[in-house]
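Using my numbering, you'd call the opening residue of the sequence shown number 1 and step up by one each time.
FYI, nobody ran anything at the bench for these hints, they're computed from the structure. We put the beta carbon where it would ideally sit given N, CA and C, even for glycine. There's no promise every hint is true.
Computed beta-carbon distance windows for the label pairs [what the hints assert, rightly or not]:
1) F14 <-> L106: 17 to 27 Å
2) M85 <-> L106: 24 to 34 Å
3) F91 <-> D28: 29 to 39 Å
4) M53 <-> R122: 30 to 40 Å
5) Y89 <-> I121: 17 to 27 Å
6) D28 <-> Q118: 31 to 41 Å
7) I66 <-> V5: 35 to 45 Å
8) Q118 <-> F25: 27 to 37 Å
9) M53 <-> F17: 17 to 27 Å
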Amino acid sequence: MWYCVEIGLGLTGFGIFFSFLGIIFFFDKGFLAMGNILFISGVSLTIGLKSTMQFFMKRQNYKGTISFGIGFFLVVIGWPVIGMMLESYGFIVLFSGFWPTLAVFLQKIPILGWVFQQPYIRSFFDRYKGRRVPV
1 MWYCVEIGLG
11 LTGFGIFFSF
21 LGIIFFFDKG
31 FLAMGNILFI
41 SGVSLTIGLK
51 STMQFFMKRQ
61 NYKGTISFGI
71 GFFLVVIGWP
81 VIGMMLESYG
91 FIVLFSGFWP
101 TLAVFLQKIP
111 ILGWVFQQPY
121 IRSFFDRYKG
131 RRVPV
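Produce the entire structure from the sequences given, and follow the hints as far as they go.
Now the structure itself:
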């Protein structure tokens with residue numbers, strides 16, 4: 001079963017890479033669609049199909065799931081700019097519970113952590129302290 005997690009992490013990484021290429025190449029719909037497909041399949045393999053469905057179908061995640069799905073559809077049919085805006089909104093809503101974990105991780109990185117421990121940035125991160133990860 002560990003090989004599914006490794007393959008899933010690889011697919012997720014390639015999905016992010018292809019999405020990045022799609023944005024760099026002026027919202028190329030081919031790269032963006034490929035990045036979306038790889039990202040979704042990578043997440044599904046990493047955490048499992050049942051957990052993926054539970055995550056996307058949670059009541060508090062409906063808004064993010066619907067906007068991400070509509071954005072994906074718009075990218076596929078040829079409206080990449082509007083689709084990526086909707087997908088970005090959906091991604092932020094879906095994964096907003098992970099921001100506190102990411103903030104703690106960023107503050108512990110040796111050189112980069114110094115930047116995130118500055119008073120103005122730290123006050124921004126302290127707003128989210130104490131919230132739990134949604135999975």
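* Verdict for Q118, F25 (Cβ pair) under range 27 to 37 Å -> holds, 35 Å
* Range agreement (Cβ of Q118 with Cβ of D28, hint 31 to 41 Å) -> Holds, since D28 and Q118 (Cβ atoms, about 37 Å apart) stay within the stated range.
* Asked: Does the hinted range 30 to 40 Å hold for M53 and R122 at CB?
  -> This hint holds: roughly 37 Å between Cβ atoms.
* **M53 versus F17 beta-carbon gap, inside 17 to 27 Å or not** => holds, 25 Å
* Measuring from beta carbon to beta carbon, are I66 and V5 in 35 to 45 Å? -> violated, 28 Å
* Taking the beta carbons of F91 and D28, is their distance inside 29 to 39 Å? -> violated, 19 Å
* Asked: Is 24 to 34 Å right for how far apart the beta carbons of M85 and L106 are?
  -> At 25 Å between Cβs, range holds.
* Look at the Cβ atoms of F14 and L106 and judge whether their distance stays inside 17 to 27 Å. => Roughly 23 Å apart at Cβ, these two residues keep to the hinted range, so it holds.
* For the range 17 to 27 Å, tell me whether the beta carbons of Y89 and I121 fit it or not. => Taking Cβ atoms as reference, Y89 and I121 lie about 23 Å apart, which means the hint holds.
Comparing the model with each earlier hint shows violations of hints 3, 7; every other hint is respected.
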